[in-house]
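Chain by chain, the residues:
Protein chains: 2
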Amino acid sequence: MLQSSLPAVPLLLPRHPSSFPATWSPRHNSKSRSPRSCLVQEEPDRAVEPEREPPPRRVSTQLNRWSRARSIRSGRRIDWPALRKKTAPPPSPAPPPSSPPSEASVRPSVAGEGTEGDGEDDESELMEGKAIYMVSDGTGWTAEHSVNAALGQFEHCLVDRICPVNTHLFSGVEDMDRLMEIIKQAAKEGALLLYTLADPDMAEYAKQACKVWGVPSADILRPITEAIATHLGVAPSGIPRGAAGAPLTAEYFKRIEAIDFTIKQDDGAKPQNLDRAHIVLVGVSRTGKTPLSIYLAQKGYKVANVPIVMGVDLPKTLFEINQEKIFGLTINPVILQTIRKARAKSLGFGSEMRSNYSEMDHVREELEYANKIFTQNPTWPVIEVTGKAIEETAAIVVRMYHDRRQKCLMPRISKRFVVFSGNMR
Amino acid sequence: MLQSSLPAVPLLLPRHPSSFPATWSPRHNSKSRSPRSCLVQEEPDRAVEPEREPPPRRVSTQLNRWSRARSIRSGRRIDWPALRKKTAPPPSPAPPPSSPPSEASVRPSVAGEGTEGDGEDDESELMEGKAIYMVSDGTGWTAEHSVNAALGQFEHCLVDRICPVNTHLFSGVEDMDRLMEIIKQAAKEGALLLYTLADPDMAEYAKQACKVWGVPSADILRPITEAIATHLGVAPSGIPRGAAGAPLTAEYFKRIEAIDFTIKQDDGAKPQNLDRAHIVLVGVSRTGKTPLSIYLAQKGYKVANVPIVMGVDLPKTLFEINQEKIFGLTINPVILQTIRKARAKSLGFGSEMRSNYSEMDHVREELEYANKIFTQNPTWPVIEVTGKAIEETAAIVVRMYHDRRQKCLMPRISKRFVVFSGNMR
Numbered sequence: 001m002l003q004s005s006l007p008a009v010p011l012l013l014p015r016h017p018s019s020f021p022a023t024w025s026p027r028h029n030s031k032s033r034s035p036r037s038c039l040v041q042e043e044p045d046r047a048v049e050p051e052r053e054p055p056p057r058r059v060s061t062q063l064n065r066w067s068r069a070r071s072i073r074s075g076r077r078i079d080w081p082a083l084r085k086k087t088a089p090p091p092s093p094a095p096p097p098s099s100p101p102s103e104a105s106v107r108p109s110v111a112g113e114g115t116e117g118d119g120e121d122d123e124s125e126l127m128e129g130k131a132i133y134m135v136s137d138g139t140g141w142t143a144e145h146s147v148n149a150a151l152g153q154f155e156h157c158l159v160d161r162i163c164p165v166n167t168h169l170f171s172g173v174e175d176m177d178r179l180m181e182i183i184k185q186a187a188k189e190g191a192l193l194l195y196t197l198a199d200p201d202m203a204e205y206a207k208q209a210c211k212v213w214g215v216p217s218a219d220i221l222r223p224i225t226e227a228i229a230t231h232l233g234v235a236p237s238g239i240p241r242g243a244a245g246a247p248l249t250a251e252y253f254k255r256i257e258a259i260d261f262t263i264k265q266d267d268g269a270k271p272q273n274l275d276r277a278h279i280v281l282v283g284v285s286r287t288g289k290t291p292l293s294i295y296l297a298q299k300g301y302k303v304a305n306v307p308i309v310m311g312v313d314l315p316k317t318l319f320e321i322n323q324e325k326i327f328g329l330t331i332n333p334v335i336l337q338t339i340r341k342a343r344a345k346s347l348g349f350g351s352e353m354r355s356n357y358s359e360m361d362h363v364r365e366e367l368e369y370a371n372k373i374f375t376q377n378p379t380w381p382v383i384e385v386t387g388k389a390i391e392e393t394a395a396i397v398v399r400m401y402h403d404r405r406q407k408c409l410m411p412r413i414s415k416r417f418v419v420f421s422g423n424m425r
Numbered sequence: 001m002l003q004s005s006l007p008a009v010p011l012l013l014p015r016h017p018s019s020f021p022a023t024w025s026p027r028h029n030s031k032s033r034s035p036r037s038c039l040v041q042e043e044p045d046r047a048v049e050p051e052r053e054p055p056p057r058r059v060s061t062q063l064n065r066w067s068r069a070r071s072i073r074s075g076r077r078i079d080w081p082a083l084r085k086k087t088a089p090p091p092s093p094a095p096p097p098s099s100p101p102s103e104a105s106v107r108p109s110v111a112g113e114g115t116e117g118d119g120e121d122d123e124s125e126l127m128e129g130k131a132i133y134m135v136s137d138g139t140g141w142t143a144e145h146s147v148n149a150a151l152g153q154f155e156h157c158l159v160d161r162i163c164p165v166n167t168h169l170f171s172g173v174e175d176m177d178r179l180m181e182i183i184k185q186a187a188k189e190g191a192l193l194l195y196t197l198a199d200p201d202m203a204e205y206a207k208q209a210c211k212v213w214g215v216p217s218a219d220i221l222r223p224i225t226e227a228i229a230t231h232l233g234v235a236p237s238g239i240p241r242g243a244a245g246a247p248l249t250a251e252y253f254k255r256i257e258a259i260d261f262t263i264k265q266d267d268g269a270k271p272q273n274l275d276r277a278h279i280v281l282v283g284v285s286r287t288g289k290t291p292l293s294i295y296l297a298q299k300g301y302k303v304a305n306v307p308i309v310m311g312v313d314l315p316k317t318l319f320e321i322n323q324e325k326i327f328g329l330t331i332n333p334v335i336l337q338t339i340r341k342a343r344a345k346s347l348g349f350g351s352e353m354r355s356n357y358s359e360m361d362h363v364r365e366e367l368e369y370a371n372k373i374f375t376q377n378p379t380w381p382v383i384e385v386t387g388k389a390i391e392e393t394a395a396i397v398v399r400m401y402h403d404r405r406q407k408c409l410m411p412r413i414s415k416r417f418v419v420f421s422g423n424m425r
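Those protein sequence lines, which keep their order, are chains A and B.
Here the first sequence stands for residues 1 to 425, where the numbers follow the UniProt record's numbering.
Here the second sequence stands for residues 1 to 425, where the numbers follow the UniProt record's numbering.
Honestly, the hints are just simulated from the structure, not real lab data.
For clarity, every value in this text was computed on a predicted model and none was experimentally measured.
It does not matter which identical chain is meant; a pair holds if it fits inside one copy or across any two.
Capping the alpha-carbon separation at 25 Å, the derived lysine-lysine pairs in DSS-like fashion look like this:
1) Lys-270 <-> Lys-345
2) Lys-345 <-> Lys-254
3) Lys-264 <-> Lys-254
4) Lys-299 <-> Lys-345
5) Lys-254 <-> Lys-299
One chain only, chain A, in its complex shape (with noise of 0.2 Å):
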């Protein structure tokens, strides 16, 4: 039945001739079919927002929004013409000529909590959302990381639900037959395929596959890796990441060191210590102090972090150690009462403890004790982390304290890559 109507991938590469494409057999096709288990769950960190209803489709005022809310933003004129011409008209959601059966039942719902999402094609399509397959023979945290803040340049449609996106990564997919399974079942579900396969086997074999079954699809890393290799001289190994073990470098147990440090330090814990600290982090309660704390440490930093409360005075070491390693915390005395109220909420505060720590009145004054602290010690850069995400607060951290060192008039962060076991495809 299915298997049929599925054009058989052109044989690229000798190493596993017997394997495609007869592997596809009916046990998988019957088990895809269940639309219940395999896609959407609610994950622990991607906000779904139970209450709101997805809006009744409206296609044609997607570009509108879009220039509406970039308007908005931005005030000012943007041009992208080689990708208006690719996307106007916006392309219809039909399965691509040579490729699988349009039957809504292989479509999986992606509704979640056990919908039967068979319903009608594009309808369920738009209300489902468009997928994003992420496929990595590692990891797979540079495809999600890299899908991630590609998406950052949609957050104009996706957070009005007009063009939901759902992702789905496959991580550690080390061989042809699994790589085969994964494509087809884009093919079905008209998804975007999006990969780092370090094997060039692997990377040709994904290429040439998703061009047969009509999958729209990207090599995250190539450019990069064709740069680089280009430049230093050096063809790349084509061997994932990972593969050659051995993380026992200096670095890694630095970064271990890094994170025990910053975990023994929190919020005001061990003064003595601050002295061995990289980074020391000084703002009242909810400014964010130990996320960011932590965000900084896996970077390898040790961080201190030391709270301003009213009444308590801050640790002596604190003015004794270098100064240039400090950083005070602030934030817009509205935004914080939102957090501290939330934050007592979930705490389970009791009214008079709640009124203490998220009244208005009491915030605004906890806020200018703060910034008398910080007006007393000028050499403290204060960092207003309204509206920021922890990563941008971080990255400006990160740029002042290596400014700092290094005291140059083009601000940047050198490394020297010699053994290094960063972050993993």
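Mind docking chain B on chain A? Use the hints.
What follows is chain B alone, placed relative to chain A:
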């Protein structure tokens, strides 16, 4: 002097007509001549291995070594003909034709420690390593992450110090003047420039300016962004992430909460909360439970970790919660002993305590004890962490976590993008 030899970049954009190329002031020049202050610093998160001397130049053996490393690791032939063509013969590090001066004095030293590296041109370039400039209009984390991942493909030569690489991150680059300064500096240093610039004007400017100045370059996210734009039928906003502000989404609070939770649950604390965790890690000391927990928390998972210590009972609640959340960690005893010895040294343990903690007999006995517990709890998957970076173990845990919840044949981690504020460019 210098300015006159630099070709003017054609004026592509009307926005900053007066700003270039006249802004290349002598002030910048003289400062950038100071080799000490602007380049490689000892980086908290990079191992520099000061004791190893850089080997003499052996360019001609690069490919040999690469082949050797490759065949040792993989035992099979890898063909990358396109790159082979590009990379052989290795390009000379000579400055591009239309490009800036080759005066040795303007190429800053990257040897660090205040050495003046104004020596022989090629010699010093080889000793210093080739420069890769990463330019971002945002945090720069995406550029850093992608370049790290791509450099994983060149470990065979980085490890040998045959092609040392120095990366330089320029984040928050939002105007043309600064962009031009950086590109000029890249030309002077003979650097490769990799960029993520959301504004299409900026991206186009970078591309053209690099062309004119002979700087090899690549747009890191362009292929993904274009593929997504075509897939969604929506043009990218052209607005850097973070410009819109407001990361106070439900997801943001979830991530913060996960980090707070995870820190509080570190090292077996508060066993009464184990049922509130998404993931519970169990293992002996120094199997990486803490950094792994923190890494997973950053991705939004609430993680608790429970140490296995001989003579100390595991908390009763561990056996009462959903057993599918629990993951055991194990490690090779020889590696564990190495790690523990380093740990004991850094903590300044006395010899008696140290022996108990890191003596081989004790290490083996404790791992056997842990394995007995794992055998008694067969629903806990046991992950061998030897030779794995935190990111790799995390990928396995996350994959299994989702597999267990999804129970489908094609394991994948699915997310719905409606509102998000994930990793920043």
